[in-house]
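**Student:** So you can see what is in the structure, the chains are spelled out below.
Protein chains: 2
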Amino acid sequence: MIINSAEILSVGTEILIGDIVNTDAAFISKRLAALGISQYYQAAVGDNSGRLRERIDEALSRCDLLILTGGLGPTYDDLTKETAAAAMGRRLVMHGESLARIKDFFVRMHPERGMTPNNEKQAMLPEGAVVFRNDHGTAPGCAIADESRGKTIIMLPGPPRELMPMWTDEVEPYLSRFTDHILYSKNVGICGLGESAVEDILHGMMLSDVNPTVAPYCGEGDVRLRITAACRDRDEGERMCGGVIDEIMKTDVGRFVYGIDCDLPEAAVRLLIEKGIHAAAAESCTGGLVAKRLTDVPGSSAAIEYCAVTYSERIKAEKLGIDPALIAEKTVYSPEVAEAMACGIMRESGADIGVGITGVAGPGGGTEAAPVGTVYVAAASRLGVKVKKLTLTGDRQHIRYLASNHALMMLIEAAREL
Amino acid sequence: MIINSAEILSVGTEILIGDIVNTDAAFISKRLAALGISQYYQAAVGDNSGRLRERIDEALSRCDLLILTGGLGPTYDDLTKETAAAAMGRRLVMHGESLARIKDFFVRMHPERGMTPNNEKQAMLPEGAVVFRNDHGTAPGCAIADESRGKTIIMLPGPPRELMPMWTDEVEPYLSRFTDHILYSKNVGICGLGESAVEDILHGMMLSDVNPTVAPYCGEGDVRLRITAACRDRDEGERMCGGVIDEIMKTDVGRFVYGIDCDLPEAAVRLLIEKGIHAAAAESCTGGLVAKRLTDVPGSSAAIEYCAVTYSERIKAEKLGIDPALIAEKTVYSPEVAEAMACGIMRESGADIGVGITGVAGPGGGTEAAPVGTVYVAAASRLGVKVKKLTLTGDRQHIRYLASNHALMMLIEAAREL
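Each protein sequence line maps, in turn, to chains W and Y.
Heads up: the first sequence begins at 1 in our numbering, then just goes up one per residue.
Heads up: the second sequence begins at 1 in our numbering, then just goes up one per residue.
To be clear, the hints were calculated from the coordinates, so they are not data collected in a lab.
Among the hints, a few may not be true.
[To be verified] Straight-line alpha carbon distances no greater than 25 Å define the calculated BS3-like cross-link-like pairs of lysine-lysine that follow: (1) Y:151 - Y:30; (2) W:388 - Y:103; (3) Y:386 - Y:275; (4) Y:103 - W:389; (5) Y:121 - Y:103; (6) W:275 - W:250.
Go ahead and model the full structure; you've got the sequences and the hints to work with.
**Tutor:** Here it is, written out as structure tokens:
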């Protein structure tokens with residue numbers, strides 16, 4: 001039996017009223033793609049057995065593998081197993097090993113209380129099911145396969161901290177017998193060039209009938225290209241994707257690429273560590289966001305010693321040595337002040353690269369000369385200082401985020417020159 | 001025309017391969033629930049016009065309102081408008097105002113390059129559509145209503161930063177004509193008390209058959225109580241929720257409440273501004289996260305002048321005046337160093353409150369005395385300095401985030417005393 005297509009059906013009213021974000025579906029989708037199992041459709045339904053049954057029947061008419069998440073718990077509105085078993089013509093039977101594990105779980109968690117009777121229900125599983133152990137909660141998962149119809153249903157608990165390890169430890173080994181190829185992907189990170197400009201340049205590579213495929217998608221203020229190869233194994237995938245990446249680097253897109261399979265801050269920190277140099281940032285409108293993103297990266301203490309949020313003019317003068325007369329003459333939102341901040345923090349920190357950011361993130365504070373979204377970013381090193389004017393749109397958070405992207409990209413460019 | 005039931009159909013292969021988590025669906029679901037519009041079913045489909053059309057027809061056979069997200073962009077695989085228009089028997093026409101806005105957007109963003117021709121496609125909209133302006137991107141949203149069939153389709157851009165403000169500013173006013181009552185909610189923010197402790201204390205209020213209802217949900221490191229009233233209008237909702245909040249404040253939960261309808265940083269900044277005082281933070285393991293979260297709040301420049309990321313020991317000595325002998329004696333992960341950082345940044349900045357944070361965010365760097373997750377947070381003011389030891393679990397991001405929560409709560413407590 002080969003599985004070509006799968007669907008995910010998430011069960012739970014909490015999804016339909018927006019109480020939870022369906023991270024399970026994204027997680028499973030990514031792993032299915034890596035296994036080379038296509039997914040054309042995905043859905044969510046509430047805790048209602050009639051509607052659930054309709055959706056199960058409908059999905060099984062289209063796909064080989066239906067993955068149900070949620071609704072395996074102990075309460076009256078947990079209906080997934082009963083409904084799926086009925087759809088596959090199975091009855092539920094008590095699974096002794098699971099019952100023992102659940103009882104044991106309750107004794108460990110609540111020694112005084114033990115297991116309440118409604119929890120026995122969680123050990124009732126479809127006859128003939130392959131059972132997936134739950135090491136992080138009570139409800140076991142399971143799979144029921146009908147060889148004659150060529151249909152399989154997998155049921156998994158809803159909480160991500162239970163579902164994710166169960167998927168990795170139990171479901172993937174179970175699924176590996178059904179597939180004969182994998183999809184292997186690499187992500188190329190691009191900053192400073194919009195999605196449509198990237199598409200203009202790489203148009204010839206972005207065809208749906210080639211292998212590997214190249215697909216653009218928008219990050220927040222950056223563009224990612226996802227290169228996906230259908231291949232026999234990871235080594236072959238690595239070679240196939242690598243060839244496409246080499247071609248991309250030769251085009252005009254190349255100089256805007258900040259890294260492969262990493263985000264902007266990771267690319268910046270890796271480069272600094274690789275070169276054995278330090279950077280420091282003096283931030284006004286981004287208020288610590290550049291420092292926060294750099295120090296999000298594990299090991300960043302090898303590349304960052306000091307950053308300063310210099311929000312007021314007094315502090316810019318005191319902590320970065322900026323002449324108040326310069327601010328008075330040029331205004332605080334000016335290329336000159338961004339440059340002075342970059343040079344100031346480089347000097348104050350003793351770092352090899354200094355980054356300075358000043359501008360108006362809004363919603364208030366805009367002026368005629370510098371409306372909301374006007375941001376100056378500068379990067380200084382012993383080779384000199386560069387400054388860029390940005391005209392950004394969006395809300396305060398988005399403007400700050402985009403400004404921090406540009407600052408990180410200028411940091412990378414300065415580091416490349418050193 | 002009254003809308004009783006809605007469905008969300010998310011369009012985009014990036015969802016089916018797990019590249020993005022579908023936060024749009026959760027956001028819209030929550031807002032639909034608040035409008036009293038039921039949702040029994042929700043789905044996602046890839047960028048394929050045949051499958052998309054099938055799903056649109058199927059959804060319209062069940063619900064009154066179909067909300068499509070994604071696929072409004074400029075590229076060849078953005079097919080939502082064409083397909084939805086065909087399903088409703090409409091053709092696409094050029095919408096002049098939207099075209100002008102898109103052109104203007106590109107001129108502002110890329111003065112040298114302007115708009116590429118493929119972006120014109122985004123201004124093609126179904127004949128007779130109500131157009132929703134996009135203030136944060138290029139693709140406008142729209143609604144097409146067929147009064148005779150009693151069916152409406154709404155199309156929204158996929159990026160959350162475009163979709164969310166469009167929903168609030170344009171879609172909700174449009175939808176209000178179709179409903180006869182509203183749900184009104186207030187959120188009470190609590191930090192320093194766990195969900196089950198909150199539930200223990202407020203047990204009597206958390207019944208499902210009262211109006212307003214009180215429901216707890218976990219934030220990242222804090223607890224929110226959502227008070228929801230079914231009511232005729234916002235004024236009535238405000239009165240009903242206000243009464244419940246007054247009751248909560250009289251219980252033992254009261255002193256852990258940091259604010260209503262705001263997050264921790266907003267509560268901190270509002271309090272500082274209200275009191276006319278300033279705060280400053282010196283951060284080691286949080287690396288700018290406290291500064292970033294404080295300056296996320298519009299108007300925070302009235303309360304924050306200076307924060308410092310003092311990552312290395314040398315910088316702690318140079319910029320905060322911490323005696324290297326203290327670090328040598330107590331180690332850098334110690335209550336004494338956290339206190340010295342809080343006092344140092346208060347002195348260096350001239351602020352009324354200084355916050356100091358030092359600890360091990362991991363994954364590396366743990367010691368026997370200070371394993372990963374050990375963080376010391378201190379808050380200083382003219383009334384003295386307080387320090388707290390935290391023992392946190394989770395990954396680097398989570399430890400940093402929880403530490404910043406505690407720092408913000410200590411800042412609020414210090415500000416309340418001044």
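**Student:** If a hint holds in the structure, say so; if it does not, say that too.
**Tutor:** Cross-check of the supplied hints:
1. Y:151 - Y:30: 21 Å, holds
2. W:388 - Y:103: OK: residue 388 of chain W and residue 103 of chain Y at ~23 Å, within 25 Å.
3. Y:386 - Y:275: 20 Å, holds
4. Y:103 - W:389: 21 Å, holds
5. Y:121 - Y:103: Distance ~12 Å between residue 121 of chain Y and residue 103 of chain Y Cα, so the pair holds.
6. W:275 - W:250: 24 Å, holds
Comparing the model with each numbered hint stated earlier shows that all of them hold.
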